[in-house]
Amino acid sequence: NAGVTQTPKFQVLKTGQSMTLQCAQDMNHNSMYWYRQDPGMGLRLIYYSASEGTTDKGEVPNGYNVSRLNKREFSLRLESAAPSQTSVYFCASRSTGDPEAFFGQGTRLTVV
Amino acid sequence: AQRVTQPEKLLSVFKGAPVELKCNYSYSGSPELFWYVQYSRQRLQLLLRHISRESIKGFTADLNKGETSFHLKKPFAQEEDSAMYYCALIRGATNKLIFGTGTLLAVQP
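If you read the protein sequences in the order shown, they are chains A and B.
The working numbering applies: residue 1 is where the first sequence begins, and numbers increase by one.
The working numbering applies: residue 1 is where the second sequence begins, and numbers increase by one.
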């Protein structure tokens, strides 16, 4: 049972490049989330998906897009990376009615 | 809008001292509040939730609706408690899960 898996673990991008961060969970959870973690800023919600087929903006959605491909997968796309998007990105999932969220191991992204 | 505030970025205590990590929230409805912990090189994980009123690893947290607080407490800190602690809130109707800015707890020997 892998839980929540994120790929890649590390990535370096040049300003203006695009990339997609992948997240998959095998716990049959309805809700999935993308966060960024920055020093002094804590975990900030970028986008979330309460159920398959729905996505909603979080606290810091600008510069990002998401796709809930199916119940298992929730991807985060940076269309034109900027240095301000240098961060550690976490994906999480949880089951509706159960408040506990399970997190991936994180993706460390550097934009130069 | 809902918000979670953790006023302390860093809390340093000696082993055996009491610990209180502060968390305040703003939310117009009935909140579901939690504490998550991230130990070094480990994934973020749930520590405890207010509904269950449980004690995990000696930590407790009481929801005070009057003061809109959910402070995390432990009477005697241990070195293995050193970690980043996040207070979190779920907005039930939308499944939106938001976190505070986190407090790094450092327990000195």
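Honestly, I wouldn't trust all of these hints.
[Claimed, not checked] With the Cβ distance kept under 7 Å, some of the chain A side facing chain B (calculated, not the full set): (1) 31; (2) 42; (3) 43; (4) 45; (5) 53; (6) 97; (7) 100; (8) 101; (9) 103; (10) 105.
[As the list claims (entries may be wrong)] One-sided excerpt, in silico: chain A residues whose CB lies under 8 Å from chain B: (11) 33; (12) 41; (13) 59; (14) 96; (15) 99.
The hints are simulated quantities; they were obtained by calculation from the structure and are not laboratory data.
Note that the Cβ used here is the ideal one computed from N, Cα and C, for glycine as well.
Evaluated hints:
1. 31: 5 Å, holds
2. 42: This interface hint holds because 4 Å falls under the 7 Å limit.
3. 43: Where the cut-off is 7 Å and the nearest Cβ of chain B is about 4 Å from residue 43 of chain A, the hint holds.
4. 45: 6 Å, holds
5. 53: 14 Å, violated
6. 97: Status violated, d = 10 Å.
7. 100: 5 Å, holds
8. 101: Holds. Min distance 6 Å.
9. 103: 4 Å, holds
10. 105: Hint on residue 105 of chain A: holds, closest Cβ of chain B at ~6 Å, below 7 Å.
11. 33: 6 Å, holds
12. 41: 6 Å, holds
13. 59: Constraint on residue 59 of chain A satisfied, holds at 7 Å.
14. 96: At 7 Å from the nearest chain B Cβ, residue 96 of chain A passes the 8 Å test, so the hint holds.
15. 99: 6 Å, holds
Hints 5 and 6 from the list above are not met by this structure, while the remaining hints are.
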